[in-house]
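Asker: Spelled out, the chains give:
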Amino acid sequence: MDVLFQKTCHPAGCFSAAANWTAGRRGAKRAPMPGFLRRHATLLILSAVALIAATLVWAAQGPAAVNAALDKAWPLLLMVLPAMLAGLLLAGSLKQLIPPGALAQWMGAESGWRGLLVAALAGMATPGGPMATFPIVLVLARAGADRGAVVCYIVSWALNGLQRILVWEVPLLGADFALLRLLCGLPLGVLAGMIARRVPIAWTPPESPLAAPRR
Amino acid sequence: MTGGQVLLGVAALGVFLLAIGRGGVPAGRRALRDTGESIARVLPVMLVAIPMAAFLSQLIPPQLAAAWLGPESGMTGVLVASAVGGFIPGGPFVSFPLVLTFIKAGAGAPQMVALITAWAILGIHRVLTWELPVLGPRFVAIRLISGAALPVLAGAAAQVLLPWFPHALPVVGR
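Protein sequence lines correspond, in order, to chains A and S.
For the first sequence, position 109 matches number 178 in my numbering, and the numbering has no gaps at all.
For the second sequence, position 45 matches number 47 in my numbering, and the numbering has no gaps at all.
Fair warning: there could be bad hints in the mix.
To be verified - Below, a sample of chain S positions facing chain A; criterion: calculated Cβ distance under 7 Å: (1) P28; (2) A29; (3) D36; (4) A42; (5) P46; (6) A56; (7) I62; (8) Q65; (9) I126; (10) V129; (11) L134; (12) V136; (13) I144; (14) R145; (15) S148; (16) V154.
Claimed, not checked - Example chain S residues on the side facing chain A (calculated, C-beta under 7 Å, incomplete): (17) V115; (18) P139; (19) R140.
Derived by calculation from the structure, the hints in this document are not laboratory data.
Glycine is no exception: its CB is placed at the ideal position from the N, C-alpha and C atoms.
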């Protein structure tokens, strides 16, 4: 994590630093052990849960049920794979076309609902998992985006992120369901941002807990 | 291959060519490198997650999902889904295969919309791992208060919109 904010920098520069950090593996070699664990936590936890669940299925329903489950998993994997590859290529190419640094100035406290709209669009366009998004969010907040915009950005990314919809939701659940869900989710980011601006809890962006230089 | 997948493939190639047209060969190379890195990150997770979801769904009695989250469960089902969704751990590689197994077991579309919305907005796993350490407890409080009612809203909206989406439950119809 410490490589992320090595230098206190221009917002736009910070953006590319955050983007590079997620895309590139340059920091991985220097990352301390907890960083390694966190990076692979998903895989480790999933493997553990899969093993436990398989054991339970074996114990409760016998080895035939384990095979039955695997028989169901295989075609699903083959179905998802081509869509996933296409979705990732789409995300990787979009990233070259849209410079994320251009957005911070539009999302200040005085930006009104227009700032929320920009935040919602930016959130939807942000590809990748939480390890990419939350560092970007912190950069946004410290670059002047207000809490409404930040909340709107997070909710829009989590709920309506285009990459997730294209890579996971459409292949697995079908285009009709994905469209229905997207329609229901579209207004919620802006709504959450409007509510967040009225929640009476004081908050200022943390002075970069990630920035403390270790060297 | 479904129509949606073909469309996605065409869109991906189109944007890829656009990136090359705009930024030249280096941009294309960067796009491919980003894509390769994403694949290296996502593929192993998916190879584990999909069998995991299959095992989990083998353990969940389908009647349970149908009874609590079926199309007839109405707003009660939406409320249940909104409450349960926040506790589904992990990323889309867990939630969407799980939702698929729920749908196969007879869950309703509005209930699944509420479930996905609750997982996305309130997912406790993501809050604890990322939001809390990066943005702090006060921010988490603000955001959770702002988002608490949204899954129910989304489920209600889906209930209203459902007549326009007769094919929203793909697996059952096939």
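Asker: Which of the numbered hints are not met once you compare them with the structure shown?
Answerer: Hints 1, 4, 7, 8, 9, 10, 11, 16, 18 are the ones this structure does not satisfy, whereas the remaining hints hold.
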